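Undergrad: Going down the list, the protein sequences come from chains Z and S. When you line the first sequence up against the working numbering, it's residues 1 to 357, in that order. When you line the second sequence up against the working numbering, it's residues 358 to 562, in that order.
A couple of the hints might just be wrong.
[What the hints assert, rightly or not] Computed list of lysine to any residue pairs in SDA-like fashion (alpha-carbon distance at most 25 Å, straight line):
1. Lys119/Z - Glu546/S
2. Lys492/S - Asp220/Z
3. Lys95/Z - Glu77/Z
4. Lys492/S - Gly253/Z
5. Lys119/Z - Pro545/S
6. Lys119/Z - Arg544/S
7. Lys492/S - Thr438/S
8. Lys119/Z - Leu542/S
9. Lys492/S - Val224/Z
10. Lys492/S - Arg557/S
11. Lys492/S - Lys95/Z
12. Lys119/Z - Pro547/S
13. Lys119/Z - Lys492/S
14. Lys492/S - Glu77/Z
15. Lys492/S - His219/Z
16. Lys119/Z - Gln543/S
[Said to hold, decoys possible] Okay, the calculated bits of chain Z under chain S, using three or more residues with CB under 8 Å as the criterion:
17. 4–10
18. 91–97
19. 126–140
20. 177–189
21. 280–291
I should point out that these hints are in silico values taken from the structure, not numbers from a laboratory. The structure presented is a predicted model; accordingly, all values stated were derived computationally and were not measured. Using N, Cα and C, we set each Cβ at its ideal position, and we do this for glycine too.
The primary structure of each chain is shown beneath.
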Amino acid sequence: MIEVRRPGLQSTVQDTGRRARALGVPGGGAADLTALRLANALVGNPPRAAALEITLAGPTLLFQADALVALCGAPFEATLDGQPFPLWRAVPVRKGQVLRVGGTARGARAVLAVRGGLKGQAAFGSLSTDLRSGFGGMEGRALRVGDRLTWSFLPPAAPPRAFLSPDLQTPTGPQVTLRVLLTPEATPDLLAVLTRPFTVSGQADRMGVRLSETLPTRHDPGRVSLPNVPGAVQLPPDGRPILLLPDAGTHGGYPTPLVVTSADLPILGQLRPGDRVRWQAVSGEAARAALGQQEGRLRQAEAALRWWYAGPGSRARLPHDGPGQSVEQWASAGRDPRPGQGGSHEPAEPDASPPPA
Amino acid sequence: MTGADITPLGDAALVVRSPLARELLADLTARPLSGVREAVPALDVLTVLYDPLTTSAEDLGAGLTARLADLQPARAGDASTHVLPVTFGGPDLAWCAAHAGLSVTDFVRAMCEANLTVAFLGFTPGFAFLTGLPKPLRMPRLDAPRERVPAGSVALGGPWAGVYPRETPGGWRIVGRTEAVLFNLQRPEPLLWRAGDRVRFEVQR
Chain Z
1 MIEVRRPGLQ STVQDTGRRA RALGVPGGGA ADLTALRLAN ALVGNPPRAA ALEITLAGPT
61 LLFQADALVA LCGAPFEATL DGQPFPLWRA VPVRKGQVLR VGGTARGARA VLAVRGGLKG
121 QAAFGSLSTD LRSGFGGMEG RALRVGDRLT WSFLPPAAPP RAFLSPDLQT PTGPQVTLRV
181 LLTPEATPDL LAVLTRPFTV SGQADRMGVR LSETLPTRHD PGRVSLPNVP GAVQLPPDGR
241 PILLLPDAGT HGGYPTPLVV TSADLPILGQ LRPGDRVRWQ AVSGEAARAA LGQQEGRLRQ
301 AEAALRWWYA GPGSRARLPH DGPGQSVEQW ASAGRDPRPG QGGSHEPAEP DASPPPA
Chain S
358 MTGADITPLG DAALVVRSPL ARELLADLTA RPLSGVREAV PALDVLTVLY DPLTTSAEDL
418 GAGLTARLAD LQPARAGDAS THVLPVTFGG PDLAWCAAHA GLSVTDFVRA MCEANLTVAF
478 LGFTPGFAFL TGLPKPLRMP RLDAPRERVP AGSVALGGPW AGVYPRETPG GWRIVGRTEA
538 VLFNLQRPEP LLWRAGDRVR FEVQR
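With the hints as constraints, model all of the structure from the sequences given.
TA: Next comes the structure, spelled out in structure tokens:
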């Protein structure tokens, strides 16, 4: 069990979301799904397991039991009993230790996965917290002081000492480029101003991120409400774009001239007020190639970590088994991108058993 | 592709415009197409969200076109009818009556005589877009949405009537309030209604 000493700005239980849009229920799920998947993989969880999503200022958590955890996402400062706590690694936490997650200079969100996966209240097939509707996760709300988080049992396992390649990480500001696809509602005057950078305003939450500058829009009071998709860029009558995040309503009546590519959706979950956004219009083919490449890297890391957790018996049977093919090299760039944290620049050895021979 | 109007919306969704949109949704639910994550209805529209790594816009579009070619319009036989008791008297009631050129009494009577249908669900859990308003009852939306519309508000916006299941922002004109519970996760069927159901308002007594 984890006892919440300080809840942080907005810490919510999230998994990969729900599929009940036909009932008017938003998709939900972690705003940076890449961070969720990698955090889960690092502790040997299934990709859909629920974890804690942390926003801008993190929580202070007292562990009442031993656990294996991983913190992935924006470069939050974190300490375990006052010692620096590394991101992008599986870290054993002992009963009685206090994990304190502070702030982050870049990006907005991180995901804390616990081996076994957090428990929570399910709604429409997902444990994700929907703050607006008030269901899922921890009573449909963000964490409060005194809350107790529990997780499902998985047999204890030695953590892989893998450093995930930094190219797997979702880009964070202050400058980001979003690849977008045009819709039939994109007008020539809109395309002409897409070369300008835009600024993320203070209106940024799990429903959407509002930009400060305006795009040309044609207000059509007669436009019927149509289903929204993740990453849709809506233009309300004032022209200030709204980029839709996982908790956005399922339908909307505003023109939607642009849709952020699937590959770049996790970036939306890392936008914070003040970040500068540039647009890059791409073809459907380019969007699919980018997603395929990104997904390939993610699945390779997930497969390597799954292989590690499957245990020595399973590892010995894998065809790629052999010298020079340790899990660390599969999943990693072979070096620690954060000097002073973890301290190791040589390829790491597994903790519990020798590398497969 | 012939007959169907299918356009991409980003790299992971297709918008299908067809009078058979509701039938297509039922068909996809019964016989899923490879790569489809979910399908979301609107009025004569079905937006199909798919996994771009499993299928392509071209293949899925062809699959959907083939499905549409085989579909027949469904009969509206087994739809439920919901009668919602409403306390008329919202902040926009007088404005709406004047806009319709009716007295408040006649406006309320016209509201209760309207035979409405749940066109689709969306916006927020439990919210239904109700179609079938006679022309005089169709109201322009507010220029600036209210930040808070109370739960249970009965409202008019464009061609639609609707009831806000819980407090949300909203840009429609509020003419009344109902105690009906539209959404409750404790019920076996959390939502009061489904697309195709009939709806009537009556004056709360």
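Undergrad: Of the hints stated earlier, which fail here?
TA: When the structure is compared with the hints, numbers 11, 13, 14, 17, 18 turn out to be violated.
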